[in-house]
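Respectively, the protein sequence lines represent chains A and B. Mapped onto the UniProt record's numbering, the consecutive letters of the first sequence carry residue numbers 1 to 134. Mapped onto the UniProt record's numbering, the consecutive letters of the second sequence carry residue numbers 1 to 134.
Simulated from the structure, these hints should not be mistaken for lab results. Just so it is clear, the structure is predicted and the values come from calculations on it, not from any experiment. Just so it is clear, CB atoms sit at the ideal spot from N, CA and C, and this is done for glycine as well. Be aware that a few hints might be false.
To be verified - Below 20 angstroms or equal to it, Euclidean Cα-Cα: the simulated SDA-like pairs (lysine to any residue) are:
no., chain 1, residue 1, chain 2, residue 2
1, A, K65, A, E75
2, B, K65, A, R22
3, B, K65, B, A84
4, B, K65, A, R82
5, A, K65, A, N88
6, B, K65, B, L50
7, B, K65, B, H81
8, B, K65, B, F20
9, B, K65, B, R22
10, B, K65, B, E31
11, A, K65, B, K65
12, A, K65, B, R22
To be verified - Using C-beta positions, here's what the derived DEER-type ranges look like:
no., chain 1, residue 1, chain 2, residue 2, range
13, A, E95, B, R51, 42 to 48 angstroms
14, A, R49, B, G130, 49 to 55 angstroms
15, B, P90, A, R49, 19 to 25 angstroms
16, A, G47, B, S68, 22 to 28 angstroms
Stated by the list, open to error - Pulled from the structure, derived: some chain B residues nowhere near chain A, Cβ distances all over 12 angstroms:
no., residue
17, T34
18, G38
19, R49
20, V62
21, K65
22, Q85
23, E95
24, P119
Number of protein chains: 2
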Amino acid sequence: MSEAEAATELDGSAPPFDVFARQCPSRGTLEHVTGRWGSLTLGALSGNRLRFNELRRRVDGVSEKMLSQTLHALERDGLVHREAQPTNPPRVDYELTPLGHEVAGRLLGLIQLVEGRMPEVLDARGRYDGARGA
Amino acid sequence: MSEAEAATELDGSAPPFDVFARQCPSRGTLEHVTGRWGSLTLGALSGNRLRFNELRRRVDGVSEKMLSQTLHALERDGLVHREAQPTNPPRVDYELTPLGHEVAGRLLGLIQLVEGRMPEVLDARGRYDGARGA
């Protein structure tokens, strides 16, 4: 089934896209946005125009191959804009599109909440592991 | 430079948790929250107290094993509360903790943004594939 057909199957009474439905194309986009490297890449590009290697340093731990795949998926979904300068050697910059900015904004809100509440999370882990004798 | 880094430069106190640092435990929690099944599980539990099989029907496509692993990780991080009733057969309910509610709220904001902007995403995919003769 094509993405358009999957979208058509969802009739007009329901919201047209639903990440909870397994064939809905919105689920794939959510995965690109929230995936391990997708979320960090969008976060790193928030407010920054970066070259590939700058981005790779910022997203600590990502391989060249994974960052490249992540950027292609985000570019294809219209969230990241790739601009190759006609220089020698070629210089390629990445930046968020307007839609990418909106998505990254929500994502950063989530990231900041998680970072800020880690003491509670670590306490919960300690209780969970303690109750199981780990 | 991220906002967190900028803040550090100003007041000199290192932010204690940073998802961009590969060893920071906040990265693991972000992955539990935003992972393929974690995000849908938190979304499904938002405002609902559900049994395992109800949850499995809502999160279309998840296997029993993956849902079980996802729930354990979210319970360990203090985002989901598991309550076993002493009935025969035993009945187990899952619901969000207060922190889980906050996280799910941010996540649902992101999900709704993605669902609402899928027409733009699909247009972008069409242009991307067209430019590459796909």
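So, going through the hints one by one against the coordinates:
For a cut-off of 20 angstroms, the pair hint linking K65 (chain A) to E75 (chain A) stands: about 15 angstroms separates their Cα positions. For the hint linking K65 (chain B) to R22 (chain A), the alpha-carbon distance of about 17 angstroms falls within 20 angstroms, and the restraint holds. For the proposed pair K65 (chain B) and A84 (chain B), the alpha carbon gap of about 19 angstroms is at most 20 angstroms, so the pair holds. For the hint pairing K65 (chain B) with R82 (chain A), the CA-to-CA distance comes to about 39 angstroms; that exceeds 20 angstroms, so the pair is violated.
Distance restraint check for K65 (chain A) and N88 (chain A): the Cα-Cα separation of roughly 23 angstroms exceeds the 20 angstroms cut-off, and the hinted pair is therefore not satisfied. Straight-line distance between C-alpha atoms of K65 (chain B) and L50 (chain B) comes to about 17 angstroms, which keeps the hinted pair within the 20 angstroms bound. Simply put, K65 (chain B) and H81 (chain B) have alpha-carbon atoms about 18 angstroms apart, close enough for the 20 angstroms limit, and the pair holds. A distance of roughly 29 angstroms separates the Cα atoms of K65 (chain B) and F20 (chain B); the hinted pair therefore is violated under the 20 angstroms criterion.
The straight-line distance between the Cα atoms of K65 (chain B) and R22 (chain B) is roughly 27 angstroms, outside the 20 angstroms bound, and the hint therefore fails. With a C-alpha separation of about 18 angstroms, the suggested pairing of K65 (chain B) with E31 (chain B) holds against the 20 angstroms cut-off. Proximity of K65 (chain A) to K65 (chain B) is assessed by CA-CA distance (about 29 angstroms); at most 20 angstroms being required, the pair is judged violated. About 17 angstroms separates the Cα atoms of K65 (chain A) and R22 (chain B), which keeps this hinted pair within 20 angstroms; it holds.
Remark: the range hint 42 to 48 angstroms for E95 (chain A) to R51 (chain B) is upheld by a beta-carbon distance near 46 angstroms. Our hint of 49 to 55 angstroms for R49 (chain A) and G130 (chain B) is violated, since their Cβ atoms are close to 25 angstroms apart. At about 55 angstroms, the CB distance of P90 (chain B) to R49 (chain A) disagrees with the hint of 19 to 25 angstroms. Against the hinted window of 22 to 28 angstroms, the Cβ-Cβ separation of G47 (chain A) and S68 (chain B) comes to about 39 angstroms, which falls outside the hint.
Chain A draws T34 (chain B) into its interface by the beta-carbon criterion, the shortest separation being 4 angstroms against a cut-off of 12 angstroms. Interface exclusion of G38 (chain B) from chain A breaks down, the closest Cβ pair being 9 angstroms apart, not more than 12 angstroms. Even its closest Cβ contact with chain A, about 17 angstroms, leaves R49 (chain B) beyond 12 angstroms, as expected for a residue assigned away from the interface. At the 12 angstroms boundary, the C-beta of V62 (chain B) falls inside the reach of chain A, the nearest C-beta of that chain being 9 angstroms off.
Taking the minimum C-beta to C-beta distance to chain A, about 17 angstroms, the non-interface status of K65 (chain B) holds against the 12 angstroms cut. Every Cβ of chain A is farther than 12 angstroms from the Cβ of Q85 (chain B); the closest lies at roughly 18 angstroms, confirming the non-interface assignment. The non-interface label for E95 (chain B) is consistent with chain A: the shortest C-beta to C-beta separation is roughly 15 angstroms, beyond 12 angstroms. The Cβ of P119 (chain B) sits about 8 angstroms from the closest Cβ of chain A, inside the 12 angstroms cut-off, so the non-interface label is violated.
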